[in-house]
Structure formats: structure tokens, C-alpha cells
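**Q** Listed here are the chains, written in short residue letters.
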Amino acid sequence: MAKKEIMLGNAAIARGAWEAGVKVSAAYPGTPSTEISENLVKYPDVYAEWSPNEKVAAEVAIGASMAGVRAMCSMKHVGLNVASDPLYSVSYIGAKGGLVFCVADDPGLYSSQNEQDTRLIGRSAHVPVLEPSDSAEAHDMTKLAFELSEKYDTPVILRTTTRIGHSQGTVELSDRVCPDDIPYERDVMKNVMMPGMAKGRHVYVEEREKKMAEDASSMAINRIEPGDDETGFITSGVAYQYVKEVFPEASVLKLGLVYPLPEKLIREFASKVKRLIIFEELEPFIETYVRSWGIECEGKELFTLQGEYSANLLRERLKSEQAKVSAKEVPNRPPILCPGCPHRSTYYVLKKLGIHASGDIGCYTLGAVAPLGVVDTTVCMGASISMLHGMEKARGAEYIKKWVAVIGDSTFMHTGINSLEDLAYNGSSATVMILDNSTTGMTGHQDHAATGRTLDGREVPAISIYRICKAMNIEHVVEVDAFDTAELERVVKEETSRDALSVIIVCAPCALLKGQKFPYKVRALPDKCKKCGMCLKPGCPAVKKKEDGTIEIDDTLCNGCGLCTQLCNFGALERYEI
Amino acid sequence: MATRNIMIVGVGGQGTLLTSRILGGLMADAGYDVKISEVHGMAQRGGSVVTFVRYGDKVYEPIVEEGQADVLIAFERLEAMRYAHFLKEDGVLIANDERIDPMPVVTGQAVYPEGILEDLSKDHTVYSIDAMDEAKKLGNQRVFNLVVLGMAARHMDFSKEQWVSVIEKTVPPKTVDINLKAFETGYAA
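Protein sequence lines correspond, in order, to chains U and V.
The first sequence begins at 1 in my numbering and counts up by one.
The second sequence begins at 1001 in my numbering and counts up by one.
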């Protein structure tokens, strides 16, 4: 009997890729895609790396494919924006060794800045898109993606969503079958995208897409599940599971290849059912095509463009069933910076000085909300630095005297480095704070080029962020300990008042980083407490106000960073060695 | 067998992912089709987290929805309250009797409700335990989630031997004894 295992969707993708003989994988961490690489690196005979960003990762995979082996890159949906430059052109070039882009969308915004739909990028880049509906399919379709890539000479997008990547289900395992490396042949008409060659390849891309659309109607992953002909659903991904849950008797057209769509099969299905409903999360992608073919259907007018779908959504909109018990009014529990997080003291200092922060992507984005309330903007990776530059150029140097850019070390190495280059080049007087906690925090502690360790755990020379800044001819680059609030305050005052570009590197490792030692804890001395609330200002979850107004420290949470002791003017909080 | 629905709710960092791994292993060992859905990323930084576990002959959707949970395991009182409406009418709530203030309560923008478990008992079957206290008595606070799981085990259809076997396989080898003790404590409570 084949071995079965319960696997996270992302682990199933890694397994599928390994079984398909993938030899090279590159990625930048991003929820909900990160675990693909973290699982893949555990298998033998695969090279897997963290790349500085998704564009680089994609290009590493393209190079490996061109060298004749199966290769993949993985990223979250917004990561594909960064990697879209290589994607659009490698679509023209095609694939030698199977080339797969695993892209994870995040409907419901569990950990993202937007709800974009990757199927639309597949369509606009003329790249086929596969969409699994559980871990088993994630595994199987990853293998299929490599086969289709080679058969049709195209990169293939394997599109998942949070509910697929972060759900576990049963997967049937097989052995690894590694195709032979394909011998190299110089082919400039195919591999060098100059205008003359690209014109020819564009013709090929259109033909390839047409052929694939025709073949799609007979692919096993696009299947009609016959049932009651009253109502038929066209659906894919996790939405398929909701349809099966609520309407087990209905006719269903389950799509595994969501671009290009199998027009013939869709027409056949539509002709068999009286009422045709398209059930798809996010954009009306399938629906728009179906309508464009003159087929009557219902879709977004019944459901929604936003968030995740559910079985209850179907029950409510199609069966008029409402849940009997409604939710109680409960105080929110938004995510917060951890106890001992070095970002907390940085934000405490910025808030005290009345400074606004142009923000970036990472745990420190949480500085936007109460009680810290320092971060004013967040757009995308690296934008903190370049946006502050834009503000200065719009309104002058005085305008940004009460502003800084805040960016993490990993985000800086991702694309912040390009933004800083712009400031150094184009006469900025901004203050950039690089919050260096020695890891990629939010996604669960991945290494990068400045940590000195690779995805497979090898020690390598760490790239120095300080020396990068110095190499850009930035005169004022200062390193400060995040928990030395007095010094940090002095440095921030000095650098923001300066009429020149400066970089403050705020150093202290993430409190959750593996191997972190916490030799201290803090205790409260209630007799000395004046109930002033100073220690509560940075919003540490370990510092709590008792009913009588005095403070207690939650021993289970406190990591002994000592920020609160620095804020207490009455000696009512004391750090002690444990 | 009709699909059964379990939910685990708590505060990011409380160890819901370990608990769901144990439950998944338990159900897979018993030969069921299992789907588990969990939250990673931003919410794990002290936010409200929820894990869904579904098992049966054939499981379709990976999430549990409002009004469908057979068992709701809550690691914190406020989270029990937040998700209580996910319970079926005859569903069971297993609650860790612990309070963790969310930031709006810490900053004074919201008030932590009093008498949550008493109120919930009016509409639901509620079993609660101060698991943190029990775990402290065992000498390791971090195993409190196994105490809660032990209590939940009494209200689910698996034998104690099945539970013990999967715990032994799932937790780090050095911590098997203390985790089993914690489980026993909850089971006997």
C-alpha cells in the first residue's frame, strides 16, 4: 500500500516537487508560501535557497531550467509583482527543464497588504495557472505542473491560497523520479529576448495558449462530476470543497487548470444544467470568460469580490439559511509586538519625540496601531525609504524633519537597498532607520544575506548592512543598541536635525529567534509604584495594571528586556538576573 | 461516519499548532480522512488564532463554520467567548480558565468581560480548568495545553490509549513524560 501522510498544503507542494525531480528551488519568504522552501530543503538532492527577493528567485529558477533541470520558485501573491518582470519574458522563452512558479494568494488578508488575484497575472503573462483544492491535489498538481511546463514549453504557475497552503490533508506519497538533465543547446532565437526574437516568440506564445486551451477540455484535472441537472457549479480551489459540502447532489465542473480555460468543456457542462453558478474567490475570472462566450450564468452578483468564501456563504445566499447563534460583542485581539521585541523601544522613542514613520513590511508594521501609533504609511517591500524621499522632493527638507523611514533588515536586503541607493544618489537629507533584528521575523524567522546563514543552515560570511551604507557614500551611519533608549533618543534627535542623509541601524535580535538567551526578568515593587502609567505606554503584554492601579509583571511573558524599567522614574520596576 | 468538527482557539503563541498536530495524528491513526486548517503569519504575534480540525469518512472543506463545532477547545476565556457561536447546539466547550488581556483592554479602550464562562454555560455545555495552575504544579507551565487536551479527550470518541500513543509520537522525545502527566491531569479532572 502506498504510504500516506497528513501534510500541510505547502509541505505537499514541496513533496510533489521533490518527487517530480526538482533540482533547484529559490524563494523569498512570504506568508502563506514560506513553508514550501522550508520543507523542500529537508529533502536530499535538491538545492534550495532563500534569495534576496522574488525577482532574483525567479531568475535563479529560470537559469536552472535553461540549464536543463526541473526548477521552481515560490512566493506570495505580492511577491509575484516583484518577479513579474522575469515572468512576462520567460513566458516567451518557455522552459527547458520544467519551470514552476508557486504563488500563494491570500483572500481574507490573513497576513498581506492586498487581495490581488494571481490568475489575472497568469492571463496577462500568457502563463498557464493550475489551482489545487487540497493537500492531495497540491502534491499531484505540482508534479503535473512540471510535466505541462515541459510538454508545452512554458513556465507554469501553481496558484494556491492561504486555505490550501495552510491546511493539512492526506497525501499519498511516491518515490522521486528524476528526469535526465537536458543537454544544452545555444538557441538565441528562443533564449535572447531582443525585439527581433521576441516578435517571433510572441507568435509562438499565442499558438501555445490556443493549443493548451483546446487540450484543457480533455485534461483529467478539469472534470465534470455529474449530478442533479437543476443547478450546476463551475468552481476551483478551496471553493470546490464548499460546494461539495453544501450541495453534494449538484452537478459540478471542477477546474484544475484555471487558465487557459477549457471552453469546449464549459459549453458542454453549461448545456446540461438549468442554472449555472460560478463559485470562485476574489475576481470574477472564470465568470468573465463564461459570459464572454455568451453563456448565461450567475456569479459575483450572488457572492462577493472580497475575502474568503465558505460553505455558510453558499447556505446563506442560495438556501437562505442563516446561522442560528450570532457572534457576541467581544473586544478585538489584534496582533502585537512580542514581549522583549526590540521594535517596541524604537517606537517608544519615536513617539516620545513626535516623529512620524514611513513604514514598511514586517512585524514593525504593527507600530501603526495603538498604543505605539508611530507608523503612518505601508505600501510594499522597500517603499518606506523611497516614499520618504518622494515626500522630501515634494515639500522640501524641512517637511521631513519630523519623519524617518523604518525598515527591517530582511526587507532592506530585499528591495530597500535599491531605495537607499536612490537617496544616496539624489541628494536626500532623510533619516532612515534600519531595524536590524537579525532575521525575517513576521514569516517565522528565515535567514537572509545579512544574517550569515543559508536556508540549508550553512554558515556563510554575513553581508554587513553598515558597510553597504558606507559603500553608498553615506557619511552618517550610526549603529545603536535598540534597548539603550537614552542613546537611541540622542541619536534620533541628532540625525533627524541634520541636513544630510543618515542611516541609523538599530540592533537587537528578535526576541523569538532560536537560541536567544534571556538572562533577566523584571519584578514590580508595588510600594514604590506611583500609578503614573509610564511603563504601560509602549504596550508590552507582560506589563499589566492591577485593579488598584499598581503594576504587575506577567512572569510567563516577560523576557527581561528592561524597557519598562528605563521608563519608571520611581524605581518601581527592577530587572534581576535569573 | 458523518464528519466531526473540532476547533482550537487561543492567543498567538499559546501553542495551538502543536495541539492540532496531536489531533491530526490521532484521527489519521484511527483511519479517518482528516483536514486541518490553521493560521500562520501576522495573527501568531499575540493575535486571536483559530485552528479547525475535521475528520470522518470523507472530508471536503477544511474549515469549521458558525454553528457546526462538536468540540470547541479554548485556551483563553475571551477567545472562548469570541468563537462560542461556532458550537453546535449540543456541542461541548472545553475552556482553559485563563485571562490574557488584549491590547484594547490594556490601553483602556475596551473592558475585559466578567463572568464569561458562567454566561456561556447558560447556552452551552462547558467544562473548564485552570490548566496553567495545573501545569505549574507539574513544574512546567508550557504543558498547559496538554492539560486542556486531556480534558477535551474525555468528550471525544477515542480511547485513552490512542491519545497516549499519538502524544508519545508527536511531542519532542525529552518532553514525553511531562506532557503525558499533563494530559493525565486534564483527563482525570
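What the hints contain is simulated information worked out from the structure, not anything from laboratory work.
Beta carbons are placed, not taken as given, at the ideal position from N, Cα and C, and that holds for glycine.
Be careful, since some hints might not be right.
[What the hints assert, rightly or not] Just some of the chain V residues that point at chain U, by a computed CB distance under 8 Å:
# : residue
1 : Val1011
2 : Tyr1127
3 : Gln1141
**Q** Take the hints in turn and mark each one as holding or not.
**A** Going down the list of hints, with the structure as the test:
no.	hint	in the structure
1	Val1011	7 Å, holds
2	Tyr1127	19 Å, violated
3	Gln1141	6 Å, holds
In summary, the one numbered hint that this structure violates is 2.
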